[in-house]
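Participant: Spelled out from the first residue to the last, the chains are:
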Amino acid sequence: MDVKVLGTGCAKCKKLYAEVEKAVAQSGLSASLEKVEKLDEIMKFGVMTTPALVIDGEVKCSGRVAPVPEIISWLSTAAAKNG
Amino acid sequence: MKGSGRHPWLVGPGVCEQGKPIKPVMEQAARSHRAPGAEMIADEHPSASRGWSTKTTPRVRRARLVPVLLVVIAAAGWWAVYRNLESLAQWVTYDLFSIAAGSHVGSAVEFFIYEAPKVLMLLTVVVFGVGIVRSCFTPERTRRLLAGRRETVGNVLGALLGVVTPFCSCSAVPLFIGFVTTGVPLGVTFSFLISAPMVNEVALVLLLGLFGWKVAALYLGTGLLIAMTAGWVIGRLKLERWVEAWVYQTPVGAAQPGGEASLTWGDRVRLGREAVKDIVGKVWPYLFGGIAVGAGIHGYVPQDFMASIMGKGAWWSVPLAVLIGVPMYSNAAGIIPIVQALLGKGAALGTVLAFMMSVIGLSLPEMIILRKVLKAPLIATFAGVVGLGILVVGYVFNIVL
Chain A
1 MDVKVLGTGC AKCKKLYAEV EKAVAQSGLS ASLEKVEKLD EIMKFGVMTT
51 PALVIDGEVK CSGRVAPVPE IISWLSTAAA KNG
Chain B
1 MKGSGRHPWL VGPGVCEQGK PIKPVMEQAA RSHRAPGAEM IADEHPSASR
51 GWSTKTTPRV RRARLVPVLL VVIAAAGWWA VYRNLESLAQ WVTYDLFSIA
101 AGSHVGSAVE FFIYEAPKVL MLLTVVVFGV GIVRSCFTPE RTRRLLAGRR
151 ETVGNVLGAL LGVVTPFCSC SAVPLFIGFV TTGVPLGVTF SFLISAPMVN
201 EVALVLLLGL FGWKVAALYL GTGLLIAMTA GWVIGRLKLE RWVEAWVYQT
251 PVGAAQPGGE ASLTWGDRVR LGREAVKDIV GKVWPYLFGG IAVGAGIHGY
301 VPQDFMASIM GKGAWWSVPL AVLIGVPMYS NAAGIIPIVQ ALLGKGAALG
351 TVLAFMMSVI GLSLPEMIIL RKVLKAPLIA TFAGVVGLGI LVVGYVFNIV
401 L
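Listed in order, the protein sequences are those of chains A and B. For what it's worth, my numbering labels the leading residue of the first sequence as 1, then goes sequentially. For what it's worth, my numbering labels the leading residue of the second sequence as 1, then goes sequentially.
By construction, these hints were calculated from the structure, which means they are not laboratory data. Do not rely on the hints blindly, as some may be mistaken.
Unchecked claim - As a list, the in silico DMTMM-like pairs of lysine to aspartate or glutamate whose alpha-carbon atoms are at most 20 Å apart:
hint	chain 1	residue 1	chain 2	residue 2
1	A	Lys15	B	Glu201
2	A	Lys14	B	Glu274
3	B	Lys277	A	Glu19
4	B	Lys118	B	Glu201
5	A	Lys44	A	Glu58
What the hints assert, rightly or not - Among chain A residues calculated to face chain B with C-beta under 8 Å, some are:
hint	residue
6	Ser32
7	Glu41
8	Phe45
9	Gly46
10	Gly63
Stated by the list, open to error - Quick list of simulated restraints, FRET-style, between CB atoms:
hint	chain 1	residue 1	chain 2	residue 2	range
11	B	Trp246	A	Lys35	18 to 24 Å
12	A	Ala18	B	Leu263	25 to 31 Å
13	A	Ser30	B	Leu237	41 to 47 Å
14	A	Lys44	B	Trp78	42 to 48 Å
15	B	Leu65	A	Asp40	33 to 39 Å
16	B	Trp91	A	Lys35	51 to 57 Å
17	B	Ala376	A	Asp40	19 to 25 Å
18	A	Lys35	B	Ser169	40 to 46 Å
19	B	Ala101	A	Glu21	17 to 23 Å
20	B	Gly148	A	Asp40	21 to 27 Å
Computed from a predicted structure; not experimentally measured. Glycine included, C-beta positions come from ideal geometry on N, C-alpha and C.
Go ahead and model the full structure; you've got the sequences and the hints to work with.
Facilitator: Here it is as structure tokens:
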């Protein structure tokens with residue numbers, strides 16, 4: 001599954017990236033993790049607040065650092081969908 | 001849901017998306033993610049968890065009231081302590097520490113013991129309240145409200161929404177692009193972007209706690225007025241040509257409903273608590289440090305010490321305050337105790353207010369971030385118009401008060 005963290009590189013964006021890394025490791029699911037820092041790429045997702053989390057093209061949250069368990073639940077849902 | 005009842009807010013259907021979490025993974029995750037000390041309320045009252053269920057049996061509906069009830073109880077306790085802080089501070093200073101009444105030390109110690117918990121308590125309440133109000137506003141909703149507005153109405157609305165819409169300064173650029181590409185007029189966008197940092201909830205609380213509601217209302221009113229007028233002026237000047245050309249050509253995707261899932265009151269209370277943890281956790285050292293300095297000044301510096309430098313008589317003090325304030329970049333918690341010290345020793349209110357607004361409302365880092373989307377003349381105009389507004393506020397208050 002394809003996981004993207006959108007953000008221009010502020011402290012919160014880095015925090016979210018670290019949380020997603022932890023979540024992927026804990027969930028044991030296989031996911032490709034990518035940081036999207038270019039503004040026009042970010043805007044394509046219709047996101048106005050960063051950091052944002054995108055899983056398989058779907059915006060899961062924006063403007064906040066989601067906690068690990070919440071991220072794991074999104075990962076699991078996405079994995080089940082791909083299933 | 002049942003097995004993970006102790007941390008339901010971590011594993012329940014998220015704020016961002018409704019979806020059934022997979023239980024075993026979630027339980028493990030919840031255990032490893034215990035935030036020590038935080039989330040007290042729910043820890044003590046596991047029953048609050050039922051507020052998170054998506055089914056609405058009568059029992060669940062009753063349980064949904066639990067977070068609201070807890071808030072009411074907490075508010076009552078808060079009020080009881082708050083009302084008695086003054087006598088408590090006096091008792092601790094003069095009876096417990098047995099410092100002589102009327103001494104410099106006594107006056108400083110009493111000031112600190114009274115002000116520090118008072119401001120902290122006020123801050124907690126207001127940040128919690130603001131967190132709840134903000135849970136009703138998202139940038140997407142704000143944009144819908146502002147798109148295609150006529151200038152005047154749009155400026156007023158933009159400035160007001162700037163106060164309640166949650167975003168941090170690093171989102172200023174995506175917000176700007178998202179706004180102007182979907183039909184929010186440039187001037188209205190500026191009203192929004194100016195009022196958001198200028199009218200700051202932490203500053204508002206500190207002013208309220210330290211100087212009373214009149215000064216706080218003045219700050220709120222003039223901050224909004226500057227944002228409305230400055231945005232209106234920028235709109236009138238028709239400066240669209242100074243927005244980087246690529247901005248208008250950026251393909252902006254349609255907003256996805258990601259964060260828009262309907263929130264229960266339980267969710268909102270949780271968001272309020274998160275805001276408290278986040279903001280109060282960040283600013284309390286500044287607050288205590290600042291109040292300690294303030295206490296020292298309160299006890300030791302002679303009255304009217306600042307009057308000659310920053311008093312009403314010195315006409316040049318307002319522009320000087322703005323010039324010093326702009327390059328300074330500090331959060332509100334760090335600046336207000338300085339404001340307190342200055343005011344207490346005879347500085348004029350208008351001068352001090354101008355200083356404060358230029359520190360928190362016009363910041364160099366934000367202008368550098370905005371340079372990505374705005375050409376230099378527009379940034380200069382923006383800084384100039386806002387700076388002018390702050391100057392006017394400073395002079396008007398020095399004359400009127």
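Participant: Decide, hint by hint, whether the structure agrees.
Facilitator: For each hint, the structure was consulted:
1. Lys15(A) <-> Glu201(B): Not OK: Lys15(A) and Glu201(B) at ~24 Å, beyond 20 Å, violated.
2. Lys14(A) <-> Glu274(B): holds (19 Å)
3. Lys277(B) <-> Glu19(A): Holds, at roughly 18 Å.
4. Lys118(B) <-> Glu201(B): holds (16 Å)
5. Lys44(A) <-> Glu58(A): holds (12 Å)
6. Ser32: Violated, about 20 Å.
7. Glu41: At 10 Å from the nearest chain B Cβ, Glu41(A) fails the 8 Å test, so the hint is violated.
8. Phe45: holds (5 Å)
9. Gly46: Holds, because the Cβ-Cβ distance from Gly46(A) to chain B comes to roughly 4 Å (cut-off 8 Å).
10. Gly63: Holds, about 6 Å.
11. Trp246(B) <-> Lys35(A): 18 to 24 Å: Roughly 22 Å apart at Cβ, these two residues keep to the hinted range, so it holds.
12. Ala18(A) <-> Leu263(B): 25 to 31 Å: holds (26 Å)
13. Ser30(A) <-> Leu237(B): 41 to 47 Å: Because 54 Å falls outside the window, the suggested range is violated.
14. Lys44(A) <-> Trp78(B): 42 to 48 Å: For Lys44(A) and Trp78(B) the Cβ distance comes to about 46 Å; the hint holds.
15. Leu65(B) <-> Asp40(A): 33 to 39 Å: Between Leu65(B) and Asp40(A), where Cβ atoms are some 47 Å apart, the hint is violated.
16. Trp91(B) <-> Lys35(A): 51 to 57 Å: holds (55 Å)
17. Ala376(B) <-> Asp40(A): 19 to 25 Å: About 22 Å separates the Cβ atoms of Ala376(B) and Asp40(A), which means 19 to 25 Å holds.
18. Lys35(A) <-> Ser169(B): 40 to 46 Å: For Ser169(B) against Lys35(A), whose Cβ atoms are near 20 Å apart, the range 40 to 46 Å is violated.
19. Ala101(B) <-> Glu21(A): 17 to 23 Å: violated (58 Å)
20. Gly148(B) <-> Asp40(A): 21 to 27 Å: holds (24 Å)
Consistency with the previously given hints fails for numbers 1, 6, 7, 13, 15, 18 and 19, ordered from lowest to highest.
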